[in-house]
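Number of protein chains: 2
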Amino acid sequence: MKIDAIDAFYLSMPKITAEADGSQDALVMRVRCGRHTGWGECEASPLPSIAALVAPMSHGACRGVGQVVLGERLEDPDDIPRIAGRVRYECMDLLQAPHAFSGIEAALWDVLGKARSEPVWRLLGFQQSFGKSPYASQLFGDTPQETLERGQAAAAAGYRAMKFGWGPFGKGELGADVDQLMAAREGIGPDATLLVDAGQIFGEDVAAAARRLPALEEAGALWLEEPFAGHALAAHASLAAVSPKVGLAGGEAAHNELMARNLIDFGQVRFVQIDCGRIGGIGPAHAVASHAVKKGISYVNHTYTSHLALSQSLQPYAGLASHRLAEYPVTLKPLAHELTVQHLDRDSHGEIRAPDAVGLGIDVDLKAVGRYLVETEIAVKGRVVYRTPALD
Amino acid sequence: MKIDAIDAFYLSMPKITAEADGSQDALVMRVRCGRHTGWGECEASPLPSIAALVAPMSHGACRGVGQVVLGERLEDPDDIPRIAGRVRYECMDLLQAPHAFSGIEAALWDVLGKARSEPVWRLLGFQQSFGKSPYASQLFGDTPQETLERGQAAAAAGYRAMKFGWGPFGKGELGADVDQLMAAREGIGPDATLLVDAGQIFGEDVAAAARRLPALEEAGALWLEEPFAGHALAAHASLAAVSPKVGLAGGEAAHNELMARNLIDFGQVRFVQIDCGRIGGIGPAHAVASHAVKKGISYVNHTYTSHLALSQSLQPYAGLASHRLAEYPVTLKPLAHELTVQHLDRDSHGEIRAPDAVGLGIDVDLKAVGRYLVETEIAVKGRVVYRTPALD
Chain A
1242 MKIDAIDAFY
1252 LSMPKITAEA
1262 DGSQDALVMR
1272 VRCGRHTGWG
1282 ECEASPLPSI
1292 AALVAPMSHG
1302 ACRGVGQVVL
1312 GERLEDPDDI
1322 PRIAGRVRYE
1332 CMDLLQAPHA
1342 FSGIEAALWD
1352 VLGKARSEPV
1362 WRLLGFQQSF
1372 GKSPYASQLF
1382 GDTPQETLER
1392 GQAAAAAGYR
1402 AMKFGWGPFG
1412 KGELGADVDQ
1422 LMAAREGIGP
1432 DATLLVDAGQ
1442 IFGEDVAAAA
1452 RRLPALEEAG
1462 ALWLEEPFAG
1472 HALAAHASLA
1482 AVSPKVGLAG
1492 GEAAHNELMA
1502 RNLIDFGQVR
1512 FVQIDCGRIG
1522 GIGPAHAVAS
1532 HAVKKGISYV
1542 NHTYTSHLAL
1552 SQSLQPYAGL
1562 ASHRLAEYPV
1572 TLKPLAHELT
1582 VQHLDRDSHG
1592 EIRAPDAVGL
1602 GIDVDLKAVG
1612 RYLVETEIAV
1622 KGRVVYRTPA
1632 LD
Chain B
1242 MKIDAIDAFY
1252 LSMPKITAEA
1262 DGSQDALVMR
1272 VRCGRHTGWG
1282 ECEASPLPSI
1292 AALVAPMSHG
1302 ACRGVGQVVL
1312 GERLEDPDDI
1322 PRIAGRVRYE
1332 CMDLLQAPHA
1342 FSGIEAALWD
1352 VLGKARSEPV
1362 WRLLGFQQSF
1372 GKSPYASQLF
1382 GDTPQETLER
1392 GQAAAAAGYR
1402 AMKFGWGPFG
1412 KGELGADVDQ
1422 LMAAREGIGP
1432 DATLLVDAGQ
1442 IFGEDVAAAA
1452 RRLPALEEAG
1462 ALWLEEPFAG
1472 HALAAHASLA
1482 AVSPKVGLAG
1492 GEAAHNELMA
1502 RNLIDFGQVR
1512 FVQIDCGRIG
1522 GIGPAHAVAS
1532 HAVKKGISYV
1542 NHTYTSHLAL
1552 SQSLQPYAGL
1562 ASHRLAEYPV
1572 TLKPLAHELT
1582 VQHLDRDSHG
1592 EIRAPDAVGL
1602 GIDVDLKAVG
1612 RYLVETEIAV
1622 KGRVVYRTPA
1632 LD
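Here the protein sequences come in this chain order: A and B.
Residue numbering for the first sequence follows the working numbering, beginning at 1242 and increasing consecutively.
Residue numbering for the second sequence follows the working numbering, beginning at 1242 and increasing consecutively.
Do not take every clue at face value.
It does not matter which identical chain is used: a pair holds within one copy or between any two.
Dumping the calculated SDA-like pairs for lysine to any residue here, alpha-carbon to alpha-carbon at most 20 Å [claimed, not checked]:
1. 1486 - 1356
2. 1536 - 1326
3. 1622 - 1611
4. 1535 - 1434
5. 1243 - 1611
6. 1536 - 1475
7. 1243 - 1355
8. 1608 - 1622
Hints listed in this document are in silico derivations from the structure and should not be mistaken for laboratory results.
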């Protein structure tokens, strides 16, 4: 097969708010290779990613992603890292390139799985897709009471692990955060796993983050996620050194394998969270999972969008039985829910898993795509280089 | 003052080739604040950067750069890092944002310098702009003979330091690289400073890079630049540990201050090279320069485009007398040369320096901009969100 077409679809809710909810818009990539069609999702700003796909060449190491990938040969799993290597080198100076390529790379795995009638996780070398314990991923409430109620609702819905993040956390006084943490624990009950996401709020301020540790310990939080900027390796390492109980988690911002490995090797995180819609797709995420195994830390998906993105992000560690947790967004916007025909619902044990179906096991609902489609056009020197593709 | 307008101009040579020459196109930012106009340059793929400027919001931490910056207050130097902090946080998930913001940030310094009748380096707290020894930055020839001749030409033109990079280096047998290095040394003469740029060719392969060290030592190279991917901290550290004579150089890919500091702190580079058109502008570059001073390593600009970009990239270390070297591209394409009215030519001592003039000290030649302008238009939902601005 060769890569015949790459079509990018920009979808959006009618109204976008400033809340930290990544499911309000979407960028979906459709890749056609001969008679096979694959789909993947970028967790990325759609317009700059589309521009990265169609960008004219600036020089040999700064090309649009499309011109590097189109026409490439796709016969077996080794072709995908080979193509990714070309993108890495030939799009080196185009910063947005990994975000744009992520959805394409996932779609290449989907194509190959369909062509071979195999699930993607099997193409990665796994023998089995193990059940994961989904944690309900949601925002802190504006008040502790609201957080408590969200925790109660998640517990009532059967979740045994819950994450609270962003919202007011870290933005005010220490006491306000303590109240939020205690409310979260009270809401979810004494036995559930509590995870906390600081959303980079402390920048590089280790002392400010460290002041939250006693309350995090008291609330029994398993991890503190992204206390600092994704590149703040020294800050992560300093906080890790004074936090024997609460592990640090991070990695969602990683836009290549090395960034994630640096967070493990130099930032001393104990949970590495990878979004296949950002890191360049499933291949680099799988390499990070292997590195996590080698270093004895836990791999977790990062997903806050559709179940297409969720399936992508479960593949790289589907076969790692002891890496148990999985992020599971529970407040998806209608767009992100309706986008896929199938959903990775919890089974009778309350677990989710990467589908035992060919490719990513997720079909895109074209009617839903049509409902949320954002018509977009880019012209350079009077020539249209991108126009929202037809949904045929 | 407040930021009234941000206009992005995409310029290009009529024909772009695959050579590693970043001066073939350009993205220039014009910022207007009241009666003052500032200019800055992004070292970035133009189309995705323009898209990053005008991108619709995806969520609260993924906004277009323009909507964050427009309307902001600009009164004194502290306002610029404050605005940059907003961009960092509110455009966190828009990967291309730092590349787009870099030219805007530089233009903000230019505006403020003009408003206060001060050079930018003085706004940064320096008392003096010291002369730098420019190194002629060029590509390896396709053959050792060609490299030798380029070295001879640079020496004849009066350069006392020369850098050769990219081209065939690292792509073939060790012997071919040895021949190139010996030819480079022969061409530039025994006393000139020789610098070598591997252009990330070794990926993470420490052994492959280490095999070049004896020849680099024999040729008397001061540094080996970017042997590995910009994020390959462990690989950099491993090579540094076995290379007491040839220092490692890197940092041009840094798109934020922390990335550059990580290369120093964890990658053990001895020369940190910062492009103000990529790292988010002059402010973060200045912070990296301060970190380099603290760590006892050398700061160097990275510049392969116009003298507007060159002035930008000299500002952050203009006042650091002992940081002597400066990258000086000697094979600029006509577009990059004609773009600016002034040029930072070598003085009678063969030195260049950040101009002792208000702002960045560089005027943009509007006629040249007009000659190379790439008309571009982006429409979302039928509404034009970007159209090449008028050159008035």
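Among all the numbered hints in the text so far, which are the ones the structure does not match?
-> 1, 2, 4 and 5
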